Every structure is written in structure tokens, then in C-alpha cells.
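> Chain residues, written in single-letter form:
2 protein chains.
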Amino acid sequence: MRKPAVVLLSGGLDSATVAAIADRDGFAVHALSFEYGQRHSPEVDAARRIAIALGVDQHKVVKIDLRAFGGSALTDDIDVPKDHTQSDTESDIPITYVPARNTIFLSYALAWSEVIGADDILLGVNAVDYSGYPDCRPEYIEAFQAMARLATKAGVEGNGATIHTPLIHATKAEIITLGVSLGVDYGLTISCYDPDQNGSACGRCDSCLLRSKGFRDAGLDDPTSYQPGVRG
Amino acid sequence: MRKPAVVLLSGGLDSATVAAIADRDGFAVHALSFEYGQRHSPEVDAARRIAIALGVDQHKVVKIDLRAFGGSALTDDIDVPKDHTQSDTESDIPITYVPARNTIFLSYALAWSEVIGADDILLGVNAVDYSGYPDCRPEYIEAFQAMARLATKAGVEGNGATIHTPLIHATKAEIITLGVSLGVDYGLTISCYDPDQNGSACGRCDSCLLRSKGFRDAGLDDPTSYQPGVRG
Chain A
0 MRKPAVVLLS GGLDSATVAA IADRDGFAVH ALSFEYGQRH SPEVDAARRI AIALGVDQHK
60 VVKIDLRAFG GSALTDDIDV PKDHTQSDTE SDIPITYVPA RNTIFLSYAL AWSEVIGADD
120 ILLGVNAVDY SGYPDCRPEY IEAFQAMARL ATKAGVEGNG ATIHTPLIHA TKAEIITLGV
180 SLGVDYGLTI SCYDPDQNGS ACGRCDSCLL RSKGFRDAGL DDPTSYQPGV RG
Chain B
0 MRKPAVVLLS GGLDSATVAA IADRDGFAVH ALSFEYGQRH SPEVDAARRI AIALGVDQHK
60 VVKIDLRAFG GSALTDDIDV PKDHTQSDTE SDIPITYVPA RNTIFLSYAL AWSEVIGADD
120 ILLGVNAVDY SGYPDCRPEY IEAFQAMARL ATKAGVEGNG ATIHTPLIHA TKAEIITLGV
180 SLGVDYGLTI SCYDPDQNGS ACGRCDSCLL RSKGFRDAGL DDPTSYQPGV RG
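Going down the list, the protein sequences come from chains A and B.
If you read the first sequence in numbering that gives the first Met the number 0, its first letter stands for residue 0, the second for the next number, and so on.
If you read the second sequence in numbering that gives the first Met the number 0, its first letter stands for residue 0, the second for the next number, and so on.
Where hints are given, some of them may not hold.
For identical chains, the list gives no copy identity; a pair is met inside one copy or between any two copies.
[Said to hold, decoys possible] Below, computed lysine to aspartate or glutamate pairings styled on DMTMM-like, alpha-carbon distance capped at 20 Å:
{"no.": "1", "residue 1": "Lys152", "residue 2": "Glu34"}
{"no.": "2", "residue 1": "Lys2", "residue 2": "Glu141"}
{"no.": "3", "residue 1": "Lys2", "residue 2": "Asp195"}
{"no.": "4", "residue 1": "Lys62", "residue 2": "Asp118"}
{"no.": "5", "residue 1": "Lys59", "residue 2": "Asp22"}
{"no.": "6", "residue 1": "Lys62", "residue 2": "Glu34"}
{"no.": "7", "residue 1": "Lys2", "residue 2": "Asp216"}
{"no.": "8", "residue 1": "Lys59", "residue 2": "Asp119"}
{"no.": "9", "residue 1": "Lys152", "residue 2": "Asp220"}
{"no.": "10", "residue 1": "Lys212", "residue 2": "Asp184"}
{"no.": "11", "residue 1": "Lys152", "residue 2": "Glu138"}
{"no.": "12", "residue 1": "Lys2", "residue 2": "Glu34"}
{"no.": "13", "residue 1": "Lys2", "residue 2": "Asp119"}
{"no.": "14", "residue 1": "Lys152", "residue 2": "Asp184"}
{"no.": "15", "residue 1": "Lys212", "residue 2": "Asp64"}
{"no.": "16", "residue 1": "Lys62", "residue 2": "Glu141"}
{"no.": "17", "residue 1": "Lys62", "residue 2": "Glu138"}
{"no.": "18", "residue 1": "Lys59", "residue 2": "Glu141"}
{"no.": "19", "residue 1": "Lys152", "residue 2": "Asp56"}
For the record, the hints were derived by calculation from the structure and aren't laboratory data.
Bear in mind the structure is a predicted one, so any value in this text is a computation, not a measurement.
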């Protein structure tokens, strides 16, 4: 029997790749997605399509209300910045940062992992071609794992959860190349922070620019569906 | 102006005392409660009454669905154990443990603290007269704080959140004595894991037994409303 693992699946490129890696590595994939009042809710539809395409064991979509707190362009009525990537500007944390988002997501993953008896949690954070979010850094992930092992029954009675971040040191081009070799259909994924109702990408936000550059660097065709008049 | 602090307010005895401590210590109290599909939802009503009685600056009740995962007598259709406290039996973690509950609650508190610019988060965990939950221990709280400081913009750009647990080494009797001196009306609070629809306590679950003993040890009258035929 395959060991269960919880995989955070956002509907984006990175997490789809991580789900494929978990499957390759012999895990029974328990995919976990969130509807958090985000602008880009077509992401959740994408997560559903990816979960089906991969044939995961289980896919849960949990509704949480991050809008209750506000404080981010991804959940508030603040414009998503366009036409520059984070690295073009400051090293500041961008307005698309959602306070404590990965901490909340990982906390739910931890809860579910304990209920299903999974020792492993995988997520697609990346500290190379990323948007400058503090909760994507290796030191954050290590601290979360240390906390998780003290938080849970599984940690007290055994080893507790291991948090895997197989993409943390990969470039976007490396991620795409790996995913394609594992059969990931990136046409199903959505990276855009501000997609339209059809899930078509704006081509101009930080996340679109990183994705587009990734495909170019990998020398692969970009299967992203862009909004009318936009070129990836 | 008073500094803002986020206080986790469950509607129980401990968190009501912590809210009063935060107020005494000059914080503008931003109380945070959760409806998480728990059996004892009268707790949330209690949290509302306590927040009003204390005159907090703000009180948010966030709906989260821990039932989605199951795995606890507090959220599933599993009987709550009666007539013994945890210390009477094994050192095992009891069935009323909710996987990763405090981690999820603290994650939301962390998100809100960052949005309102609060450096302080207070919660009423207790490692003395407690139910044996791993996420009530000092080492867990320290690990959460270390993680939190790496997780957030506030932690990257400044010190980040400090997690205060003023009751962690106090006995239930000490907590009650302190709370009474601060004017806490414990008649508003609910500790029971299995209250009836009126919020009256069963008098027999772990939490009721600890609370009742606390009032006896403090030499104070127990204002708890018990279900018909039950004596505290």
C-alpha cells in the first residue's frame, strides 16, 4: 500500500509539479486546496482539474475566510501590480503577500495529515524565482516543521510530520522541465494573480511574468491561456 | 493610545482571564474566536458575552471547518469521555484532542496581528491542570513563536509577534483567583466539552471536572450553570 501524503495544491504550476513528484515517489496523494476569498478563484477549479488528471487518492477543498482580516492585494480590493517582477524593484515584500498564508495552509495540512496518519506533507514553495514572500524561505519551512513536531500527537508519540519542499531551490525553468518529464499538463494550471472569469491569465502580474520567463528559459511552449490581446 | 494585541477567546475560563490580563496590561484587546463545527458551540456565544463585558476594541468570529478532517471527539460523533480527568488515567493524549487546533488558531491570530500591526498575541494555554494536549506545552509555544517570526513581513522587517501565555504555569485555582481579582464574571464562561443547548455544563467531562476542582481549591463559589440533576 502506498503511504499517504498531504500535498498542498493551489492550482498553480509549482504545486501541480509537486503533486506529480509525490505520485512518482510512491505516495498516495491527498491533495488539499483552499478557497480563501482570493481574487484568483479560477485557481481552485484548476486544482480540481489537476487532481483529476493526476488521479489523486483524495482532494479536499477547504473554505477559509482570509478576507475577514484583509491586508493583501490578493484578498482585498487593492490593484494587483502589473508589468514588473519583484526582482525588478525593491527587496520589499509585495502587496500581494497574504499575511501568514502558508502558515495557515500548512496548519490545515498538519491537521489533516494527523487524521489520515500521513507522516509527509509536500508543498511547492520556491525561494529562487519567487515573489519575495517570507513564508517561502527554507528557514521558515524548517521552523514550521520543528513547531509541527511539538504540536501534534503524531509528533509526541512518533516522529511527527516531515515537510517536503522539493522545488525550493529550483528555477522556474527547472520546475517546468521536470514537470513536463513527469507528464504534468501545465495547460491545466493557473499562475496569474488576476485571471479573468475564464481563468485566462493577465500576462502582466508578477506571477505571470515569472511563469512566462520560465517557459522561455526552458525552451518550451507556454500552454497558458492568456486574456484577449495579451501575449505571454 | 493603547497598543493592539490579539487575544484568542474561546469562551472558556482561561481565555476570559487572559483577555482581562491583556486589558489590565494596557493592550487594546482584539479578541478572536472560532466556530469550528465543535460540539460546544455555546462557547462562541460565551465568547461574545465575555467580549462585551470586557469592552474589547474588536471581536472577530471566524468560521472554520475542522469537521472537514474529523479525528476528534470534539468535532466528530464520538462520545466525550465522562467522569474521569486525564490525570486519573493514562498520560495518553485524549480523544478530545483536536489535531493541530492551536496551530490553526494561532496561525489566524498571526495573520490578524500582522494586518492590524499588533506585536502581541495572547492565549490561555495551560500546562498544569490541563487535558494533556501537546499544543499546550511551553516548548510548543516557543517553537510557534520562532516559526512566526520567520513567517511574516512583521518578523522580517521588525521583531515579529510575541506569543504570551500568562497562565501556562498557573493552577486552575490560581487562574480563578486572579480572574476574580480582575473582575472576570466566570458565570459568562463555558468550559464544558458537552454543554446542552442552553450552554449548561455536563459536570462530568474532563474540562468540567478540572473547572469544578479549581473553584473548590480557590475556595470560591462556582457560578457555572449545570444541566438539571448535575452538581458541580
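> Could you run down the list of hints and mark each one as holding or not?
Structure-based check of all given hints:
1. Lys152 with Glu34: neither (27 Å within a copy, 23 Å between copies)
2. Lys2 with Glu141: neither (22 Å within a copy, 31 Å between copies)
3. Lys2 with Asp195: For Lys2 and Asp195, neither the intra-copy (38 Å) nor the inter-copy (41 Å) Cα distance is at most 20 Å.
4. Lys62 with Asp118: The answer is neither: 24 Å in one copy and 27 Å across copies each exceed 20 Å.
5. Lys59 with Asp22: Cα proximity of Lys59 and Asp22: one copy only (17 Å, versus 40 Å across).
6. Lys62 with Glu34: Both, since 5 Å and 13 Å are each at most 20 Å.
7. Lys2 with Asp216: neither (35 Å within a copy, 49 Å between copies)
8. Lys59 with Asp119: within (16 Å within a copy, 33 Å between copies)
9. Lys152 with Asp220: neither (46 Å within a copy, 35 Å between copies)
10. Lys212 with Asp184: So Lys212 and Asp184 pass the 20 Å test inside one copy only (18 Å; across, 61 Å).
11. Lys152 with Glu138: This pair counts as between: shortest inter-copy Cα distance 14 Å, intra-copy 24 Å.
12. Lys2 with Glu34: neither (27 Å within a copy, 32 Å between copies)
13. Lys2 with Asp119: Classified as within: same-chain Cα gap 9 Å, cross-chain 40 Å, threshold 20 Å.
14. Lys152 with Asp184: Intra 38 Å, inter 34 Å, cutoff 20 Å: neither.
15. Lys212 with Asp64: Classified as neither; 32 Å inside a copy, 38 Å across copies.
16. Lys62 with Glu141: Classified as neither: same-chain Cα gap 27 Å, cross-chain 29 Å, threshold 20 Å.
17. Lys62 with Glu138: Intra 28 Å, inter 30 Å, cutoff 20 Å: neither.
18. Lys59 with Glu141: neither (25 Å within a copy, 31 Å between copies)
19. Lys152 with Asp56: Neither way: Lys152 and Asp56 sit 24 Å apart in one copy and 35 Å across, limit 20 Å.
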